[in-house]
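Participant: Since chain G is already given, all that's left is putting chain A on it; use the hints.
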Amino acid sequence: MDKYNFKVVAELRSDLTENQRLEVSSKIGELQRRLKIVNIDNETYCKAPPIKDYDDFGAVTFFFSALKDLKEYFKRLEYYDLWEGDKRIEV
Amino acid sequence: MRSDQVRETDPWARGVVLSFDFVTKDLKDYYSKNSPQGAYEVLKRFLLKNGFEHLRDSDYKNKFMDKVDTVDLLYSFSRDHKWFPHCINKVNISPNITALDISNDIKALGDEDWKKEKDAENAGKSQEKQAPLSEYKNLIEKARLTRMTDKPDIGSDGKKMENER
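Each protein sequence line maps, in turn, to chains G and A.
The opening residue of the first sequence carries number 1 in my numbering; numbering runs sequentially from there.
The opening residue of the second sequence carries number 1001 in my numbering; numbering runs sequentially from there.
Just so you know, not all the hints are guaranteed correct.
Listed next, the in silico DMTMM-like pairs over lysine to aspartate or glutamate satisfying Cα-Cα at most 25 Å (straight line) [unchecked claim]:
| no. | chain 1 | residue 1 | chain 2 | residue 2 |
| --- | --- | --- | --- | --- |
| 1 | G | Lys75 | G | Glu90 |
| 2 | A | Lys1061 | G | Asp81 |
| 3 | A | Lys1044 | A | Asp1026 |
| 4 | A | Lys1082 | G | Asp69 |
| 5 | G | Lys68 | A | Asp1072 |
| 6 | G | Lys27 | G | Glu11 |
| 7 | G | Lys71 | G | Glu90 |
| 8 | A | Lys1090 | G | Asp81 |
| 9 | G | Lys36 | A | Asp1069 |
| 10 | A | Lys1090 | G | Glu90 |
Since the hints were derived computationally from the structure, they do not count as laboratory data.
From a predicted model like this one, the values you see are computed outputs, not experimental measurements.
The following block holds chain G by itself, in its conformation from the complex (with noise of 0.2 Å):
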C-alpha cells in the first residue's frame, strides 16, 4: 500500500434499519467506484494506490464532501490531512 497523505473515517449507526444501511453502502460503494476509494479497514478510507506527490487529495477530499451530504447516517464522520496535520471533524 502507497504512503497516503489524506483519508476519511466513517462509521455508520448502530441503529440504521437495514434498508437505510443497505442504501448508505450503496451510495458510499458509488463514491468509491467513482473517485477510486479504497476501504483498508472497517472505517478507513483513503485513494487507491498509486498515489503520487498528494494526487489523493482530490478524490478523498470530494469524497468527505459527498459523504457530509449522508452525514445523518453516521455516528462519525472525520476527515484527516496527514501532509499538514488538518483533521475535520463532521459528526
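Facilitator: This is chain A only, laid out in the frame that chain G set:
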C-alpha cells in the same frame, strides 16, 4: 526578523488561488451550444458570491478559505450544475502566496549617469535616422528655389522682360 515574531510557515495561511479551464467542445455539448463561454461567467458569479476575488483570466483568490473548503464549494457547485464536471479540463488549487513587488526599488538603483549617456546616444541615433528626410526636404527646397530663378521674368503686362534687361 524580530525575535518576538513567529515566521508564518504554513503556505496555505493566506488562503487559496483557484484556477480552472474548460474544454470548449464539452461546453458546447453539455452547457450551451450557442454561448459556451458563458460557463466562465456562471462560475465567476458563484465564486465572487462565495468570497473569491478575480485575479486574471480564470484565476481567483480567496484569502480566508482553505483547500478543503474550496473542494467543498466546488462539490456543491457541481451538484447544482450538472454540466460542470463534464466540461472541466483543469482545476488547480494552490496556496495564495504573497508577491513582493520590488520593481520600484530596483529602479531606484539605476545608474543615472549611464542612463543619460544612453539617452544621448539614442537621441543621436534617432537624428541620424531622420537625416535622410531632412536632406530630402533640403533638396526639395533647393529645387524650388532653382525653379524660381530659372523662371523667365514676366512683366506686369505678362510679356517676357529678358530683352529689356
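Participant: In ascending order, which of the hints set out earlier in this document are inconsistent with the structure?
Facilitator: 10
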